[in-house]
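Student: Make the full structure from the sequences, and use the hints.
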Amino acid sequence: MTGLGAVFRPQLPPERLRDVARLADQVGLEELWLWEDCFLEGGVSTAAAALAWTERVRVGIGLLPVALRNVAATAMEAASLERMFPGRAVLTVGHGVQDWMGQVGVRAASPLTLLGEQLDALRALLRGERLSVQGRYVQLDDVGLDWPPPQAVDVFAGATGPRTLRLSGAKADGTLLTASTSPDGVRRARRLIDEGRKEAGRTEPHKVVVYLLAATGPDAASRLRAELVAEGLESATDVGVAGDAGAVAEAVRRMAEAGADTVVLQPTADEPDPEGFVRFVAEEVRPLVP
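In our numbering, the protein residues as written are 1 to 290.
None of these hints come from the bench; they were simulated from the model. Some hints here could point you the wrong way.
[Stated by the list, open to error] Heads up, simulated SDA-like pairs for lysine to any residue below, C-alpha to C-alpha not over 20 Å straight-line:
1) Lys198 <-> Leu112
2) Lys207 <-> Asp154
3) Lys198 <-> Thr237
4) Lys207 <-> Arg163
5) Lys198 <-> Ser180
6) Lys207 <-> Ala226
7) Lys198 <-> Val229
8) Lys207 <-> Val289
9) Lys207 <-> Arg187
10) Lys207 <-> Asp261
11) Lys207 <-> Ala258
12) Lys198 <-> Thr160
13) Lys207 <-> Asp184
Tutor: Shown next, in the form of structure tokens:
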């Protein structure tokens with residue numbers, strides 16, 4: 001079965017999260033994804049709150065920019081979430097928007113090297129290993145978690161470019177793709193991820209999650225068009241969907257056929273009813289997605 005989720009966008013104030021998260025739990029939404037876009041809302045704090053307010057919905061963080069955090073701190077946060085809410089937190093790390101990283105003085109000369117070093121160290125720490133590392137960006141001296149997770153924790157990487165997609169296949173447990181990805185883009189990403197997996201000798205499953213920009217309601221087409229223009233995607237083909245549950249479900253199916261394991265529906269920034277969007281995904285779209 002194709003996984004299905006929805007995004008709580010950080011354009012909403014953080015105090016709105018409780019009602020949306022609780023509704024997501026009540027209506028049976030499988031996954032609720034949160035963003036850590038600068039300079040809106042913190043990914044770990046919002047995820048912890050959403051997990052505490054709910055009982056069953058999985059909460060994805062998509063994504064934590066690696067330049068903003070020491071890898072030991074990220075490992076401590078991830079381990080704590082896993083021990084408090086077993087199997088319910090989905091952690092994704094990535095380059096982050098480089099202009100934002102520059103604004104706060106942490107822009108790396110080689111974002112790809114930084115991400116690779118952090119993925120290696122983060123996954124090892126979450127496996128309970130003790131590390132001494134002297135990398136270009138990651139330096140650890142006999143570091144291990146006192147409270148490692150009792151079971152494996154998957155670490156996803158956000159990726160768009162070919163080199164990062166190959167890196168994700170080689171070093172991450174799954175890949176998160178942005179809402180600018182078409183079904184053909186998912187197929188291309190799968191090929192590049194698999195190239196990275198093959199080069200690294202990895203044979204375990206690698207999950208692909210993709211955001212899909214979606215709008216419903218009487219003004220859905222105009223809101224979707226405005227969002228695509230704002231994102232510089234007005235000339236993109238097969239990106240985003242506007243319409244009723246049937247139209248949205250068909251777009252989800254195309255993503256799944258292209259290789260996505262989970263499709264996370266991303267409302268427009270001006271979505272007038274975030275709770276209604278979550279209910280729409282769980283109650284109307286989910287029954288139509290095999």
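Student: Evaluate each hint against the coordinates.
Tutor: Status of the hints after comparison with the structure:
1. Annotation: proposed proximity of Lys198 to Leu112 holds, straight-line Cα distance about 19 Å (limit 20 Å).
2. Simply put, Lys207 and Asp154 have alpha-carbon atoms about 10 Å apart, close enough for the 20 Å limit, and the pair holds.
3. A distance of roughly 30 Å separates the Cα atoms of Lys198 and Thr237; the hinted pair therefore is violated under the 20 Å criterion.
4. Distance restraint check for Lys207 and Arg163: the Cα-Cα separation of roughly 18 Å lies within the 20 Å cut-off, and the hinted pair is therefore satisfied.
5. Under the criterion of a C-alpha separation no larger than 20 Å, the hint pairing Lys198 with Ser180 is inconsistent with the structure, at around 26 Å.
6. The hinted pair formed by Lys207 and Ala226 fails the criterion: a straight-line CA distance of about 31 Å is larger than 20 Å.
7. This hinted pair does not check out: Lys198 and Val229 have alpha carbons roughly 38 Å apart, beyond 20 Å.
8. Between Lys207 and Val289 the alpha-carbon distance is near 18 Å, which keeps this suggested pair within the 20 Å criterion.
9. Distance check on the hinted pair: Lys207 and Arg187 sit about 13 Å apart at the alpha-carbon level, within 20 Å; holds.
10. Proximity of Lys207 to Asp261 is assessed by CA-CA distance (about 6 Å); at most 20 Å being required, the pair is judged to hold.
11. Of the supplied pair hints, the one linking Lys207 and Ala258 holds, its CA atoms being roughly 13 Å apart against a limit of 20 Å.
12. About 19 Å separates the Cα atoms of Lys198 and Thr160, which keeps this hinted pair within 20 Å; it holds.
13. Note on Lys207 and Asp184: the hinted pairing holds, with a Cα-Cα distance of about 17 Å set against a maximum of 20 Å.
When held up to the earlier numbered hints, the structure conflicts with 3, 5, 6, 7 and fits the remainder.
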